[in-house]
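Visitor: If you read the protein sequences in the order shown, they are chains A and B. Under UniProt numbering, the first residue of the first sequence carries the number 1, and numbering increases by one thereafter. Under UniProt numbering, the first residue of the second sequence carries the number 1, and numbering increases by one thereafter.
One should not assume that every hint holds.
[As the list claims (entries may be wrong)] Some, not all, of what chain B presents toward chain A, calculated at C-beta under 8 Å:
id	residue
1	Leu31
2	Asp86
3	Pro125
4	Ala129
5	Arg265
6	Glu462
7	Val479
[Stated by the list, open to error] Footprint (simulated), chain A over chain B, 3 or more residues, beta carbon under 8 Å:
id	region
8	57 to 66
9	289 to 301
10	311 to 325
11	465 to 478
[Stated by the list, open to error] Residues from chain B that face chain A, not an exhaustive set, calculated with beta carbons under 7 Å:
id	residue
12	Leu10
13	Leu20
14	Val27
15	Gly40
16	Leu270
17	Asp390
18	Ala393
19	Thr483
Keep in mind the hints are simulated off the structure, nothing from the lab. Quick reminder that beta carbons are idealized off the backbone N, C-alpha and C, glycines included.
2 protein chains.
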Amino acid sequence: MPVPAADAALAGGIEGPRALRPLLSTVLDALTTGAEDRAGPLPAGGPDAVARTVRATCAPLLPDDGDGAHAALATLVRTLAAGAADPADPHCAAHLHCPPLAVAAAADLAASALNPSMDSWDQAPAASALEALATRELAALVFPHAPRRARTPDDTYAPADGPDALLTTGGTESNQLAVLLAREAARTARHTTGERYAGGARPAAAARARAGRVAGGAGAAPVATLAPLIGAPRGPVDEPPPAPAPEAPALRIVCGANAHHSIHRAAWLLGLPAPVTVPTPGGVLDPAAVDAALTRLHGPVLLTATAGTTDSGALDPLPALADLAARHGARFHVDAAYGGALLFSDAHRALLAGLDRAHTVTLDLHKLGWQPVAAGLLAVPGTADLAPLDHRADYLNADDDTEAGLPDLLGRSLRTTRRPDILKAAVTLKALGRRGIGDLVDRTLAAAATLADLVEDHPHLELHSRPTLTTVLFRPTGVDDATVAAIRRTLLADGHAVLGRAATPTGLWLKATLLNPHADAGDLAHLLKLVEGHIP
Amino acid sequence: MPVPAADAALAGGIEGPRALRPLLSTVLDALTTGAEDRAGPLPAGGPDAVARTVRATCAPLLPDDGDGAHAALATLVRTLAAGAADPADPHCAAHLHCPPLAVAAAADLAASALNPSMDSWDQAPAASALEALATRELAALVFPHAPRRARTPDDTYAPADGPDALLTTGGTESNQLAVLLAREAARTARHTTGERYAGGARPAAAARARAGRVAGGAGAAPVATLAPLIGAPRGPVDEPPPAPAPEAPALRIVCGANAHHSIHRAAWLLGLPAPVTVPTPGGVLDPAAVDAALTRLHGPVLLTATAGTTDSGALDPLPALADLAARHGARFHVDAAYGGALLFSDAHRALLAGLDRAHTVTLDLHKLGWQPVAAGLLAVPGTADLAPLDHRADYLNADDDTEAGLPDLLGRSLRTTRRPDILKAAVTLKALGRRGIGDLVDRTLAAAATLADLVEDHPHLELHSRPTLTTVLFRPTGVDDATVAAIRRTLLADGHAVLGRAATPTGLWLKATLLNPHADAGDLAHLLKLVEGHIP
Chain A
1 MPVPAADAAL
11 AGGIEGPRAL
21 RPLLSTVLDA
31 LTTGAEDRAG
41 PLPAGGPDAV
51 ARTVRATCAP
61 LLPDDGDGAH
71 AALATLVRTL
81 AAGAADPADP
91 HCAAHLHCPP
101 LAVAAAADLA
111 ASALNPSMDS
121 WDQAPAASAL
131 EALATRELAA
141 LVFPHAPRRA
151 RTPDDTYAPA
161 DGPDALLTTG
171 GTESNQLAVL
181 LAREAARTAR
191 HTTGERYAGG
201 ARPAAAARAR
211 AGRVAGGAGA
221 APVATLAPLI
231 GAPRGPVDEP
241 PPAPAPEAPA
251 LRIVCGANAH
261 HSIHRAAWLL
271 GLPAPVTVPT
281 PGGVLDPAAV
291 DAALTRLHGP
301 VLLTATAGTT
311 DSGALDPLPA
321 LADLAARHGA
331 RFHVDAAYGG
341 ALLFSDAHRA
351 LLAGLDRAHT
361 VTLDLHKLGW
371 QPVAAGLLAV
381 PGTADLAPLD
391 HRADYLNADD
401 DTEAGLPDLL
411 GRSLRTTRRP
421 DILKAAVTLK
431 ALGRRGIGDL
441 VDRTLAAAAT
451 LADLVEDHPH
461 LELHSRPTLT
471 TVLFRPTGVD
481 DATVAAIRRT
491 LLADGHAVLG
501 RAATPTGLWL
511 KATLLNPHAD
521 AGDLAHLLKL
531 VEGHIP
Chain B
1 MPVPAADAAL
11 AGGIEGPRAL
21 RPLLSTVLDA
31 LTTGAEDRAG
41 PLPAGGPDAV
51 ARTVRATCAP
61 LLPDDGDGAH
71 AALATLVRTL
81 AAGAADPADP
91 HCAAHLHCPP
101 LAVAAAADLA
111 ASALNPSMDS
121 WDQAPAASAL
131 EALATRELAA
141 LVFPHAPRRA
151 RTPDDTYAPA
161 DGPDALLTTG
171 GTESNQLAVL
181 LAREAARTAR
191 HTTGERYAGG
201 ARPAAAARAR
211 AGRVAGGAGA
221 APVATLAPLI
231 GAPRGPVDEP
241 PPAPAPEAPA
251 LRIVCGANAH
261 HSIHRAAWLL
271 GLPAPVTVPT
281 PGGVLDPAAV
291 DAALTRLHGP
301 VLLTATAGTT
311 DSGALDPLPA
321 LADLAARHGA
331 RFHVDAAYGG
341 ALLFSDAHRA
351 LLAGLDRAHT
361 VTLDLHKLGW
371 QPVAAGLLAV
381 PGTADLAPLD
391 HRADYLNADD
401 DTEAGLPDLL
411 GRSLRTTRRP
421 DILKAAVTLK
431 ALGRRGIGDL
441 VDRTLAAAAT
451 LADLVEDHPH
461 LELHSRPTLT
471 TVLFRPTGVD
481 DATVAAIRRT
491 LLADGHAVLG
501 RAATPTGLWL
511 KATLLNPHAD
521 AGDLAHLLKL
531 VEGHIP
């Protein structure tokens with residue numbers, strides 16, 4: 001059946017915006033109506049009720065004949081909004097799940113409409129230049145002391161070196177890449193020097209020189225033997241390179257019990273032994289315990305620390321851990337998916353001292369950064385550190401094209417086709433400036449302090465500890481874990497509040513992860529009132 | 001510096017649409033102006049010129065003080081559009097880089113504004129229900145004969161079984177997941193039965209029973225020992241499970257030289273030996289050569305085939321390969337990222353016979369499917385096949401929450417935070433229907449046939465072969481590889497056309513990958529005229 005022309009209109013070209021305008025109007029109306037239907041942070045009734053509604057309004061999703069563009073948009077977007085847990089509501093505060101800025105969501109539309117793909121220049125000429133500029137400005141915020149080569153226009157896409165960052169789907173992929181880079185650096189070190197590692201955590205001053213050695217800077221050759229598995233410059237691949245030597249000692253990861261689960265999942269994914277997990281009864285890594293763990297291990301080691309834990313927003317002691325990594329010749333990764341945004345704040349940046357001594361740093365602008373998903377980053381002190389990701393596919397980066405000046409972008413991700421997630425982030429940074437983002441960070445930290453004050457002043461609630469970032473753990477005084485868990489589920493089922501949970505050595509706590517910079521004291525007091533209503 | 005209220009407005013809630021409307025208007029104006037600036041498929045001047053323009057108009061991207069939302073949107077979106085390789089232009093036809101439908105791009109705005117995250121129900125109540133419905137309808141298209149359990153409302157999020165699919169960032173991640181599932185199935189088979197595999201390629205009829213065995217259906221236990229590495233139901237992780245036994249024979253992948261590079265990259269990523277690559281001088285796998293390769297190998301094997309190769313859009317002989325996999329006890333994966341869309345077409349579906357005998361199938365709706373990136377899928381005949389991805393993190397899927405009825409969604413991806421990429425696809429499917437999408441598929445295949453006719457009729461051009469899907473390989477008669485490559489680069493540098501390249505045993509060819517369903521014979525004739533102008 002021929003599709004009506006209006007329904008088959010494309011989003012790009014000169015005609016695209018004309019086709020988009022009425023459709024976007026339908027989307028905005030449906031978002032408004034859906035939010036009114038919901039009238040709260042999430043729909044009431046729990047999973048079964050939501051599933052029934054979605055099925056009743058939306059199925060079948062693949063009918064033989066379509067409903068038309070406006071009808072489908074109106075139905076599905078309204079259903080989505082009515083059934084959302086909307087982080088723009090101050091009572092939706094369970095997770096590191098941020099309410100996006102309108103400017104970021106609007107910018108993201110341009111990415112959808114033009115659909116650049118970041119795996120080759122001829123699919124994304126300006127988008128790839130924009131990504132290169134923005135990632136290097138962000139990376140310079142993380143590694144302010146790493147030397148930067150003077151830029152010339154022609155090294156925009158493929159810089160010689162200096163702080164750099166890859167776009168990722170989030171903290172999980174960033175952590176996975178950090179572990180992968182450590183795995184490959186360990187292989188390189190063994191292949192070239194037989195050393196455990198060429199260097200430990202990066203001293204702030206001579207950062208680049210050491211990082212260069214660690215990541216295979218001894219020469220291009222060892223990296224080349226590890227990287228692309230289809231090395232033939234053209235045509236069929238008859239001779240796959242040899243498998244990694246199975247007898248080589250595998251990289252061991254040392255992390256805290258407070259580390260994000262993605263560190264463990266990355267080890268599994270990458271075929272590495274499970275991480276050595278150091279207990280963190282106080283919520284953060286204890287340097288003495290880390291020292292003991294590092295002393296027991298032989299062979300290449302990656303020490304990972306967390307700047308902003310998922311459970312409590314705590315910061316591991318980065319300077320002491322960087323010292324230990326250096327002393328033990330371990331590589332050092334910091335997962336700053338949550339806390340990294342303090343870099344934007346003049347008031348709070350000092351909490352991240354030591355971050356710039358890491359080999360790799362996870363950032364995530366879809367947390368404190370107010371971006372729609374996805375907006376993860378992995379920052380490194382130098383572009384050369386990313387060499388293990390080099391990869392070749394004749395149709396995307398043939399040698400003769402690269403020699404003729406077409407940028408080779410395939411090593412900038414493990415994905416091939418890739419959305420320009422940098423656009424929304426770059427527009428936001430340009431719109432608000434570093435100080436503007438810093439202001440939103442400061443406001444959100446202030447809201448968390450206010451919530452902690454309210455809990456401390458409350459006769460029937462107890463506070464776990466003063467918040468470091470924007471996570472506040474609290475619970476009714478004197479209740480057991482099952483009651484805490486039930487209160488959370490009741491608030492969810494009633495559609496009144498979305499709170500998280502955190503298991504600690506002192507039992508289960510309710511978790512408010514504040515990411516809404518506009519939440520005020522009244523909103524927060526009301527949140528506590530909702531909890532209070534369910535104290536048995 | 002406090003951010004002006006309008007610049008810090010959120011996209012969600014009841015107020016969000018009001019904040020978005022003027023910003024979207026700025027974006028649409030900038031998209032129009034940028035497209036007019038460009039006046040062609042891509043900007044002229046090549047990489048250096050584009051980089052200079054982007055730097056001049058956009059840097060710095062992280063100023064201390066911001067420019068405001070409208071100014072930043074106007075500047076960056078116009079620059080992006082002016083510097084785009086726009087697949088909505090019929091002369092932008094290098095890659096599997098599709099022009100998105102306006103309805104899909106409009107729907108994607110709702111995902112950006114509400115920002116649901118698919119890793120837990122309390123971040124995405126309706127979005128996760130919608131994903132569950134849509135993925136199962138799509139998977140049923142791939143595996144029409146796999147038994148489906150009657151659905152009740154309460155199994156929406158966590159179905160008992162039946163055809164299922166995971167959303168991915170694209171074909172690359174889908175292929176990676178397919179290899180990962182095969183790796184884990186191989187471990188399970190060894191741990192439980194000592195067999196090479198519990199079964200070969202799935203016979204169409206008794207599909208589920210066998211797939212269940214392969215993926216660990218012998219019981220929950222073997223899967224549990226492989227999966228989640230942080231198994232403690234709560235609190236710190238003191239006892240990581242043992243590392244995978246290094247002495248066990250690793251999974252070997254057998255693929256064609258025509259396979260996508262992501263198969264090779266997945267092997268590297270997952271710590272597996274490099275794939276055994278069977279030459280494909282004819283562009284597709286030869287069953288006799290595959291038989292010989294499978295005969296030589298011992299231990300667990302994954303045979304991968306391609307339905308729609310990147311270089312020429314060719315289809316490997318799926319029925320013969322499925323037979324071989326079954327005979328040799330190998331697992332069978334089909335990368336149908338490109339060709340899978342034939343499932344929508346009544347006219348062309350028969351070309352995919354044998355697809356439903358695979359254990360895993362890669363699909364990708366950001367190719368023939370006209371979605372903005374990302375819209376990848378990995379389809380399996382049964383939900384149980386996905387069990388190796390089960391994963392636990394107390395804050396997202398604690399046991400008591402799952403027992404109380406909160407859906408466990410963490411095993412639906414290797415990502416944690418995850419955008420609801422299903423929304424745009426579901427809206428498109430609902431708007432156009434299966435026959436509507438099929439109509440666009442048919443039109444695009446017809447355009448490729450027309451282009452092939454035009455080449456065949458042209459006195460100075462030669463055709464590589466008649467197209468199977470929408471890829472047409474051609475070149476000026478009698479020129480060498482360097483000339484072919486130079487013609488492509490000249491068209492790029494002039495901003496006149498974006499054509500791809502394909503290296504084959506008969507040398508280098510220009511590649512037109514047609515994905516624009518509105519390209520007409522005049523557009524295609526003009527594309528050839530552009531090439532003709534550069535014949536030396």
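Visitor: I'd like to know which numbered hints this structure contradicts. Please list them from smallest to largest.
Guide: 6, 7, 9, 10, 11, 15, 17 and 19
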